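Novice: Sequence:
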Amino acid sequence: MNMSSDAKPKSKGLDYSKWDNIELSDDEDFECHPNVDKASMIRWKQAEIYRERRERHDKLIQLEKEITLNATVLQELNKIKKSEPDLKKKLNSLKEYFDKCSNDFERDMHQIRYKDRDARWRDVEPFNVCKDRIPTGQYIQKIIKDLDSNVEDADYDKAFEKSLKDLTTEINKRKLVLEKEIEFEKHEANKKLTSENMYHENFDVSSISKPKTTTKTIETIHTPSGEQEKDVAEDKKKNVDAGEADYITSNVTAQFAKLTKIEDSYNFLSNHNEIVSQNQSDEILAEAFRLQMKGNTKACKTYIHQALLLQYCSLLGKDGVALFFKRIKTPNNPANEVYLKDVEETYQRIVARVKVLNQEAKEEEEKEKREGLERLAAATQPDGTLALPRVGDEEDIKRADVFAMLPYNLQRAMLLQDVDEINAALQTLDKDESHRLIGLASEVGLIQLQEEDDEPEGEGKT
Numbered sequence: 001m002n003m004s005s006d007a008k009p010k011s012k013g014l015d016y017s018k019w020d021n022i023e024l025s026d027d028e029d030f031e032c033h034p035n036v037d038k039a040s041m042i043r044w045k046q047a048e049i050y051r052e053r054r055e056r057h058d059k060l061i062q063l064e065k066e067i068t069l070n071a072t073v074l075q076e077l078n079k080i081k082k083s084e085p086d087l088k089k090k091l092n093s094l095k096e097y098f099d100k101c102s103n104d105f106e107r108d109m110h111q112i113r114y115k116d117r118d119a120r121w122r123d124v125e126p127f128n129v130c131k132d133r134i135p136t137g138q139y140i141q142k143i144i145k146d147l148d149s150n151v152e153d154a155d156y157d158k159a160f161e162k163s164l165k166d167l168t169t170e171i172n173k174r175k176l177v178l179e180k181e182i183e184f185e186k187h188e189a190n191k192k193l194t195s196e197n198m199y200h201e202n203f204d205v206s207s208i209s210k211p212k213t214t215t216k217t218i219e220t221i222h223t224p225s226g227e228q229e230k231d232v233a234e235d236k237k238k239n240v241d242a243g244e245a246d247y248i249t250s251n252v253t254a255q256f257a258k259l260t261k262i263e264d265s266y267n268f269l270s271n272h273n274e275i276v277s278q279n280q281s282d283e284i285l286a287e288a289f290r291l292q293m294k295g296n297t298k299a300c301k302t303y304i305h306q307a308l309l310l311q312y313c314s315l316l317g318k319d320g321v322a323l324f325f326k327r328i329k330t331p332n333n334p335a336n337e338v339y340l341k342d343v344e345e346t347y348q349r350i351v352a353r354v355k356v357l358n359q360e361a362k363e364e365e366e367k368e369k370r371e372g373l374e375r376l377a378a379a380t381q382p383d384g385t386l387a388l389p390r391v392g393d394e395e396d397i398k399r400a401d402v403f404a405m406l407p408y409n410l411q412r413a414m415l416l417q418d419v420d421e422i423n424a425a426l427q428t429l430d431k432d433e434s435h436r437l438i439g440l441a442s443e444v445g446l447i448q449l450q451e452e453d454d455e456p457e458g459e460g461k462t
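1 is the number of the first residue of the sequence shown in UniProt numbering; add one for each residue after it.
Simulated from the structure, these hints should not be mistaken for lab results. Remember, it's a predicted structure, so these values are computed and weren't measured experimentally. Take every hint as true, because none was put in to throw you off.
Label pairs and their in silico Cβ distance ranges:
1) GLN348 with ASP383: 54 to 60 Å
2) ASN92 with LEU340: 43 to 49 Å
3) LYS355 with ASP264: 28 to 34 Å
4) GLU366 with LYS261: 40 to 46 Å
5) ASN336 with GLU96: 34 to 40 Å
6) TYR408 with LYS355: 38 to 44 Å
7) ILE262 with GLU183: 35 to 41 Å
Okay, derived cross-link-like pairs now, SDA-like style, lysine to any residue, Cα gap no bigger than 25 Å in a straight line:
8) LYS186 with GLU345
9) LYS65 with GLU52
10) LYS115 with TYR339
Idealized CB from N, CA, C, for every residue including glycine.
Throw the hints in and build the complete structure from the sequences for me.
Specialist: And the structure:
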């Protein structure tokens with residue numbers, strides 16, 4: 001049951017269009033040349049998707065590292081003064097330092113870009129925007145050369161200051177280019193729903209829970225208890241069949257998500273390799289988020305653990321399951337440490353986001369309560385009764401007249417937008433009277449009745 005503008009319960013609906021952005025999965029249906037094996041084409045497309053994600057991830061790291069490196073360069077440049085003794089020695093030391101920083105940068109990026117690359121991906125190629133990195137060591141070398149040739153020149157002080165200023169200007173311009181590229185890459189990444197971006201600020205998983213409505217209550221208040229029990233039993237059966245999960249679309253994946261032992265997970269995936277995909281990983285992570293929203297911390301951690309197992313295995317290609325489990329089961333293998341760190345960091349991100357959502361929900365609830373009390377106070381008459389003002393156009397007057405026909409407890413519940421109170425008020429009326437009043441209220445826009453479908457026809461779990 002939803003109220004009109006006078007008294008309309010607020011509820012958020014999940015924007016399902018977001019899910020249109022999920023990238024190609026193993027079972028995506030698409031056309032390919034009749035002479036090309038479709039399974040091979042799917043694997044190729046999947047590898048290409050993962051390669052693009054990995055390349056974007058590495059590029060963002062490189063761009064951010066360059067910004068950090070350039071900030072260090074600026075900090076050192078600001079310390080240089082023309083009047084200081086041993087200026088040339090200082091500049092030579094600075095050049096060596098900048099060259100070392102540059103070499104360390106190149107080494108780190110080489111390790112990042114070549115680490116755990118899928119054999120199906122093409123060779124590593126430099127990112128175009130990264131080819132224009134400022135050669136700070138060469139800039140300092142030029143300044144040293146100018147110092148040697150113009151040390152007695154009266155105008156050298158100005159030339160020296162100009163050289164430093166020019167380098168500073170170039171670095172600041174470069175920062176703008178890098179920040180713009182980072183913004184672009186993040187925008188491109190967010191066009192696709194993955195485990196890395198599904199928890200951003202505009203994706204409110206708490207809104208998936210349907211608000212309580214009185215539509216169902218009105219229909220079942222006078223229904224024999226046996227029919228109610230039958231409905232409850234059917235609902236429970238649906239939850240069991242669905243693996244008690246809202247986001248996971250496969251019973252096989254739902255079973256895997258609950259496993260807690262590495263050996264059990266390995267055996268399960270060895271027999272059900274079809275669920276090793278980014279898509280299934282995303283579904284388990286979404287369910288982990290829902291579990292944390294419900295306060296089920298233990299289950300949330302388990303689901304994150306299992307989701308990342310699928311993610312890591314899928315990135316390793318055809319034999320990913322065997323390769324990954326061999327690594328994490330090998331004593332002192334760094335892969336296990338990296339994996340467990342990823343699990344913990346993912347969990348902490350979910351915890352932080354849930355905390356924000358809960359605080360927002362609490363503030364929204366408190367705000368709605370305040371507004372409800374304000375409406376109640378405004379409608380309270382000197383004699384203690386409730387009434388809407390009979391002013392405005394004909395519809396407003398008619399709405400006020402219908403409101404006056406309602407019992408006091410139903411009037412109060414509508415003003416407070418309290419669904420539980422509305423249900424309680426309707427339960428005090430007989431069936432015919434409740435339907436008559438609800439019909440009148442609906443006609444004048446005091447409330448809006450909506451049929452609520454639990455699941456679109458034809459959907460279900462496989």
